[in-house]
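Add chain F with the ligands to chain D, keeping to what the hints say.
Given next are the chains, with one letter for each unit.
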Amino acid sequence: MPDWLQLMLNSLPTLLWAALIFTAPLTLLSFVFGLAVGLATALARLFGPKPLVAVARFYVWIFRGTPLLVQLFLIFYGLPSAGILLDAFTAALIGFTLNVGAYSSEIIRAVIASVPRGQWEAAYSIGMTWNQAMRRTILPQAARTAVPPLSNTFISLVKDTSLAAAITVPEMFQAAQRIVATTYEPLILYIEAALLYLAMSSVLSALQVRLEARLNRYGGFLETRA
Amino acid sequence: MIELKAIEKRFGDNVVLKDVSVAMAERSVTALVGPSGGGKSTLLRCINLLELPNAGTVKIGEEELVFGAGRRVATRDIQRLRRQTGMVFQNFQLFPHRTAIENVMEGLTVVLKWPEPKARERARELLEKVGMAAKADAWPATLSGGQQQRVAIARALAPSPRVLLCDEPTSALDPELAQEVVDVLDRLAEEGTTMVMATHDLRLASKVADEVIFLEAGTVVEKGPAAEVFGNPQRERTKRFIATLRHEQESAARPA
Ligand SMILES: Nc1ncnc2c1ncn2[C@@H]1O[C@H](COP(=O)(O)OP(=O)(O)OP(=O)(O)O)[C@@H](O)[C@H]1O
Ligand SMILES: [Mg+2]
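So the sequence lines, in the order shown, correspond to chains D and F.
Okay, so the first sequence: first residue is 4 according to the working numbering, each after it adds one.
Okay, so the second sequence: first residue is 930 according to the working numbering, each after it adds one.
The following block holds chain D by itself, in its conformation from the complex (with noise of 0.2 Å):
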């Protein structure tokens, strides 16, 4: 067996342990807040008052407009200066809950306003309060849209998670680097950790596929959308 490929089988287990225990975990969990986060920020921007759709916009304007790896930062070694101490894997699961949160509202606000005005009209008129419309109605046919956008949120999402290892937290390209540190192979290493992730992008792709598919049991509804 070539020096490269021992050295690949050696690192694995460390680095699925890692990936196991916290890229997984942080993903998602970051993707299941972020997602409430999203919803109520959307929900916030298109039916709030005033004051919280002011509110809605400058968090999202925030979120968007700056680097996530400065907001993590701002967050593990930025906050403890303001009294606030959070431990690494905290502060990446709020950073990234955060930075999902604003991306996913934008997606989910744009799904919800495509449901045409018409399937609003047709639950009110069966009697249904706006909760009702909006649970039974219109969330079903917006969630539908929303897979594609949303997966790719979760994609990068998964990714992006490598980006705690600059707070410390030892997820999968952490553990990684360590073995760099002390292997000093940083090729072998960091194509074995890319190949990682790209596996993990690609069976979230493949889940997406099978979701949509599942979505879309109920045949072209666009053609009934007229």
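Some hints here could point you the wrong way.
Calculated cross-link-like contacts (lysine to any residue; reagent style SDA-like; alpha-carbon spacing at most 20 Å) [what the hints assert, rightly or not]:
#	chain 1	residue 1	chain 2	residue 2
1	F	K1064	D	Y221
2	F	K1136	F	A1118
3	F	K1042	D	T132
4	F	K1152	F	F1170
5	F	K1042	D	R220
6	F	K1047	F	T1071
7	F	K1064	D	V35
8	F	K1042	D	K162
9	F	K1152	F	D1139
10	F	K1042	D	R138
11	F	K1136	F	F1170
12	D	K162	D	Y221
Facing chain D, from chain F, some residues (calculated, C-beta under 7 Å) [unchecked claim]:
#	residue
13	F1024
14	H1026
15	G1036
16	V1040
17	W1068
18	V1149
Derived by calculation from the structure, the hints in this document are not laboratory data.
Where is the CB? At the ideal position from N, CA and C, for every residue including glycine.
Below, chain F with the ligands alone, put in the same frame as chain D:
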């Protein structure tokens, strides 16, 4: 049973309904006719309060709401009045993510909180009534326009509204498909369903309606029993309009 008094509706500076007062009796079918932009849809939508009148009174059965400057009408009251009505839209507006029968059940399970089996049973009866029982489990996207509209009628009837409002129920449909829908509406009329429908379809209006209201530029030009308004319109304006509709219908019916 339905009473609209002095309804005024504005969109910005555009006064779309001016001092409209009309009444519809229980078990009657009223057709709203008139040129495009005359305010037919808006008047219908003021009955179920998808549009809120700027002024006037809407009364359905015992429920009454008064609108006017400075009055705030509570959402609950709007809902209570709206729940006396069902509506059929020009482009059906079935919920695309629910099957035909689920569309019909939706108002029963979500709004009236009926248990699922009871709602399903009622939905099945209604689909039977509109001739769609065989397609109960079909997705709306797989149904023809006429089929979708019949399911939409069943959906609107499910919560047993006091009045069925139809906005151009046949105008998105080819003549044969429109006929299916006309037949269903006709049957409902014979069973005594109270209906108000905006339509350009003379076949529908003359077959199903007892009363006709001719609306132009937001005012009622003429109203009366269908036989009289269609057979012997009093106003020159109504006469010309009906002649145009006849003409359109005949040329549409002739093979090209
Ligand atoms: N949501 C709205 N915002 C602004 N203007 C509106 C709105 N809805 C209707 N209007 C205006 O109100 C007027 C009456 O429209 P309405 O749809 O009630 O007419 P209609 O008699 O149903 O016409 P048609 O036969 O074409 O359906 C039109 O001038 C229309 O432009
Ligand atoms: Mg209209």
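query: Against the structure shown, which of the earlier numbered hints fail to hold, in ascending order?
result: 5, 6, 7, 8, 12, 18
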